[in-house]
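Respectively, the protein sequence lines represent chains A and B. Plus 3 on top of the position in the first sequence (first one is 1) and you've got this note's numbering. Plus 22 on top of the position in the second sequence (first one is 1) and you've got this note's numbering.
These are computed hints drawn from the structure, not numbers from a lab. Don't take every hint at face value.
[Claimed, not checked] Pairs of lysine to any residue, SDA-like flavour, derived with a Cα cap of 20 Å:
1. B/Lys612 to A/Lys186
2. B/Lys235 to B/Leu334
3. A/Lys186 to B/Leu27
4. B/Lys434 to B/Glu97
5. B/Lys612 to A/Asp99
6. B/Lys612 to A/Glu118
7. B/Lys612 to A/Asn115
8. B/Lys567 to B/Pro580
9. B/Lys446 to B/Val79
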Amino acid sequence: MSTPLDASQQPRSIGATGSENSISMIPEPPAVTAPVEPEAARLECVALEKAFRKGDHVIPVLRGVDIDVAPGEFLSIVGQSGSGKSTLLHVMGLLDVPSVGEVHCDGRRIDNLPESQRDRLRNREFGFIFQSYHLLPELTLLENVVSPLSIRYSTLAWWQHRHQIRDQAAEIVEKVGLGHRLKHRPAELSGGEMQRTAIARALIGQPRVLLADEPTGNLDSNTGQEIMSLLASLNEFEGLTIIMVTHDERIACRAHRTVRLGEGRIEMVGRAA
Amino acid sequence: MYKILLCLRYLRTRWIAMASIISVMLGVATMIVVNSVMAGFATEMRERIHGILADVVLETHTLDGDPDAAARMREIQDVAGEYIEAMTATVEVYGMVSFKYRGQVITRPVTLIGIDPQTKAAVSPLVTNLSSFTSGRRLGLKFGPESSNCQVIAVTPDSAAAIAGLENGDVITACNGDSVEYTRDLSSQLKNSIHQPTVSLAVRRGKRSLVLKVKIPRPSWDLTADARAHRRTLIELERRRIEWNRPREILPAGGTPLPPPGFDAGPSSAPPTGTAEQLTPPSSLPDAPDLDALDPPTIADGHTTEDPAASLPACVYLGSGLIEFPMEDKETGEIRIERMVLAGEDVRITTVSAGRPPEPRHFTATVIDVFKSGMSEYDSNLVFCNLEELQQRRGMVDPSTGDRAVTSIQIKLKDFKHADTVIKRLRAAFPAHIYSVRTWQQKQGPLLAAVELETGILNILLFLIITVAGFGILAIFYMIVVEKTRDIGILKALGASSRGVMSIFLGYGIALGIVGSGVGVLLGLVFVWYINEIESGITWLLGRKVFDETIYYFPEIPTAVDPFTVAWIALGAVGIAVLASILPARRAAKLHPVEALRHE
Numbered sequence: 004m005s006t007p008l009d010a011s012q013q014p015r016s017i018g019a020t021g022s023e024n025s026i027s028m029i030p031e032p033p034a035v036t037a038p039v040e041p042e043a044a045r046l047e048c049v050a051l052e053k054a055f056r057k058g059d060h061v062i063p064v065l066r067g068v069d070i071d072v073a074p075g076e077f078l079s080i081v082g083q084s085g086s087g088k089s090t091l092l093h094v095m096g097l098l099d100v101p102s103v104g105e106v107h108c109d110g111r112r113i114d115n116l117p118e119s120q121r122d123r124l125r126n127r128e129f130g131f132i133f134q135s136y137h138l139l140p141e142l143t144l145l146e147n148v149v150s151p152l153s154i155r156y157s158t159l160a161w162w163q164h165r166h167q168i169r170d171q172a173a174e175i176v177e178k179v180g181l182g183h184r185l186k187h188r189p190a191e192l193s194g195g196e197m198q199r200t201a202i203a204r205a206l207i208g209q210p211r212v213l214l215a216d217e218p219t220g221n222l223d224s225n226t227g228q229e230i231m232s233l234l235a236s237l238n239e240f241e242g243l244t245i246i247m248v249t250h251d252e253r254i255a256c257r258a259h260r261t262v263r264l265g266e267g268r269i270e271m272v273g274r275a276a
Numbered sequence: 023m024y025k026i027l028l029c030l031r032y033l034r035t036r037w038i039a040m041a042s043i044i045s046v047m048l049g050v051a052t053m054i055v056v057n058s059v060m061a062g063f064a065t066e067m068r069e070r071i072h073g074i075l076a077d078v079v080l081e082t083h084t085l086d087g088d089p090d091a092a093a094r095m096r097e098i099q100d101v102a103g104e105y106i107e108a109m110t111a112t113v114e115v116y117g118m119v120s121f122k123y124r125g126q127v128i129t130r131p132v133t134l135i136g137i138d139p140q141t142k143a144a145v146s147p148l149v150t151n152l153s154s155f156t157s158g159r160r161l162g163l164k165f166g167p168e169s170s171n172c173q174v175i176a177v178t179p180d181s182a183a184a185i186a187g188l189e190n191g192d193v194i195t196a197c198n199g200d201s202v203e204y205t206r207d208l209s210s211q212l213k214n215s216i217h218q219p220t221v222s223l224a225v226r227r228g229k230r231s232l233v234l235k236v237k238i239p240r241p242s243w244d245l246t247a248d249a250r251a252h253r254r255t256l257i258e259l260e261r262r263r264i265e266w267n268r269p270r271e272i273l274p275a276g277g278t279p280l281p282p283p284g285f286d287a288g289p290s291s292a293p294p295t296g297t298a299e300q301l302t303p304p305s306s307l308p309d310a311p312d313l314d315a316l317d318p319p320t321i322a323d324g325h326t327t328e329d330p331a332a333s334l335p336a337c338v339y340l341g342s343g344l345i346e347f348p349m350e351d352k353e354t355g356e357i358r359i360e361r362m363v364l365a366g367e368d369v370r371i372t373t374v375s376a377g378r379p380p381e382p383r384h385f386t387a388t389v390i391d392v393f394k395s396g397m398s399e400y401d402s403n404l405v406f407c408n409l410e411e412l413q414q415r416r417g418m419v420d421p422s423t424g425d426r427a428v429t430s431i432q433i434k435l436k437d438f439k440h441a442d443t444v445i446k447r448l449r450a451a452f453p454a455h456i457y458s459v460r461t462w463q464q465k466q467g468p469l470l471a472a473v474e475l476e477t478g479i480l481n482i483l484l485f486l487i488i489t490v491a492g493f494g495i496l497a498i499f500y501m502i503v504v505e506k507t508r509d510i511g512i513l514k515a516l517g518a519s520s521r522g523v524m525s526i527f528l529g530y531g532i533a534l535g536i537v538g539s540g541v542g543v544l545l546g547l548v549f550v551w552y553i554n555e556i557e558s559g560i561t562w563l564l565g566r567k568v569f570d571e572t573i574y575y576f577p578e579i580p581t582a583v584d585p586f587t588v589a590w591i592a593l594g595a596v597g598i599a600v601l602a603s604i605l606p607a608r609r610a611a612k613l614h615p616v617e618a619l620r621h622e
């Protein structure tokens, strides 16, 4: 939390400061997965399995998934409802832990890290976009956008960096085209605006991987296309690794590569046109 | 940073939280008000008790007393003289006081205390309880009724006030710098300042205003000018009554001295004949129906003097509760205090002699003053008598040596904090089977302990109310956590730690507690500050007195705000709010991010 903002502008590795020691205990040599782009990260899933327990029944959701996401890749995961695609995204984004298998980021295993480091990685390395936006209703658009930074910094550090944060937020809000609605509450925004706010929020922490769970699910097709264009341009010009879950084939085809999930297994891997 | 932001935002947007703030606030305010009033009552009561009892009292167990008071006082001086400021010897004995009121003889059981006013006043503030002092009569001033302004309607010649330069028609505007409006204000001001040697009165005379210093006379067994005049009137009335009766009797040749008018129709005294009651009083006496109501002063007990209006050798200060009762005026419906005996009249005292077996002793005494301390226990029980006379009547003077016996020696200390040392030394010096040595607090231990117990129990009950408020906070917080589950999931997805989420809700609880108890403290203090105004408002609303001063003896509700108590109450309330928010906060912290995000 006390890391100065400057750290994010340096070439980064996982747990840029403070958590170096615990990371280095993982046996894989870092050289193997040296990133092509300094900003992006390689994300790997090895034999992921995840089962939920409901009473006496154990319901398997993921039954051995291997995915390798290259740095700077735009990957979409498609599948029917209940195929486990959201769960896969959650496990990859450290919101959930796999029952079996491993998740690697830049060659280091991250799924078994202690809670505090997982929180830290979620804050710094991953950006999340959800189908129902998940903005905090009490906060204004601007406050929502900067919330990852307000989690990252203590009050004192926040005070010290307030100008920097303000500039950064203004830049990103401008990029998503919401410069005129800074003081509005989420309830006063349209669906598209809310999703743009969510994207701005996901980007402000300068993450290396963007995880999007049905980002266009609640939007009409025009607005959905706008959002997709925004994501595509982020991937293209900023080299951001994006993993997107969707059930809509037309949306999925905007990605570099599509993985189809069914019954918790990968059914098909295809490359978009 | 997000914790503070969200705390404040939740505080501003969750109106349901106002419910818990209000419950904390009311609990805190009630506790402060109740504690202040109880403390006020207790302080006032202690002051009043202390005003009558001395710091340390040495008592004999027997009513015969210690045969040589002077020797005991010398011993006390030897043992603990360096801590002692003043001492007085008293005789305490049980007795009865009888007086005539509207044709009936009223007898009351009393504690008779023989005192020497001069030394007694040095030990405890005696004069502040004597109504002739607080009403200004002893200074030589006479005012209108209680609710009138402080205009002097008469100044006694050669009195302290006359010497100071007060004149008829002067209006007193301030007493010792505190402004007064009504005579009852002046009375309470005099009560506060009359133990000093002088009192300064600001006076408005016509258009001029001046400040006069009045020397306060020392307490004595002298009648005030008013009482003396009253006594003279009574004697005159009695003389006329006897003269009126005379034609009905077989008269001896004229010019015989007055027969002594007895206190009652006892066999020993020569009473006026019973036919007096059947007679119509002469029309020349407008007050004639009161003839029977007033107790004619007696010139009995072999006491003869030049001035028939002089007091008897036995003099008493009567407790006001013995001779006063509230009476409703049939015509106006107003309740006023009826005095059955006035200063200057005579009462009959019955007590027991020293020695075995104790024998009844009767004597007649002149009421010099009325004693009113505000403690009904004392006011309706105590009769102060002149020490020498009581010793004489009870046979406590050794005929061979002239030593006078006393039953207790009251001691005033230079500093009450030495009380324990003094007690220890006195207990070592005086054998416990003859003497008991106690402080005034120990003497009134049960009463003070009862008040303390009452305060304690009330505090426990009221704190339970705040605890109930705490459970309210718990329920409301649980609700808020459930309502905010998705937001908690979002925060966790954005990287907030469990501890961070927990501290949001703990901080929220602290904020609620601080706001609630802060407003509560303010509300409570304002209520305490304006309690008498509020009381009169409620009295006006309900049409009947909430706080009856004739029952409680306090002109207004006494309050004492103890900053430590207030701080403890406020801290306790914040503590309870925090405790109540721990459980919901822990629940919030334990939420699984994915499940929380799915929560609708």
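Proposed proximity, A/Glu118 with B/Lys612 (alpha carbon, max 20 Å):
holds (12 Å)
Between the alpha carbons of B/Lys235 and B/Leu334, is the straight-line distance 20 Å or under?
Cα-Cα ~33 Å, so violated.
Within 20 Å, alpha carbon to alpha carbon, are B/Lys567 and B/Pro580?
holds (16 Å)
Restraint check for B/Lys434 with B/Glu97, where alpha carbons must lie at most 20 Å apart
holds (16 Å)
Does A/Asn115 lie within 20 Å of B/Lys612 when you go C-alpha to C-alpha?
holds (18 Å)
Could you grab the alpha-carbon distance between B/Lys446 and B/Val79 and see if it respects the 20 Å cut-off?
Between B/Lys446 and B/Val79 the Cα gap is close to 13 Å, so the pair holds against 20 Å.
Sort out whether A/Lys186 lies within 20 Å of B/Lys612, counting only the CA atoms.
Not satisfied, since the Cα-Cα distance of roughly 32 Å exceeds 20 Å.
Does A/Asp99 lie within 20 Å of B/Lys612 when you go C-alpha to C-alpha?
holds (14 Å)
Quick one, are A/Lys186 and B/Leu27 close enough, alpha carbons at most 20 Å?
It holds: about 15 Å lies between the C-alpha atoms, which stays within 20 Å.
Checked against the numbered hints given earlier, the structure breaks hints 1 and 2 and satisfies all the rest.
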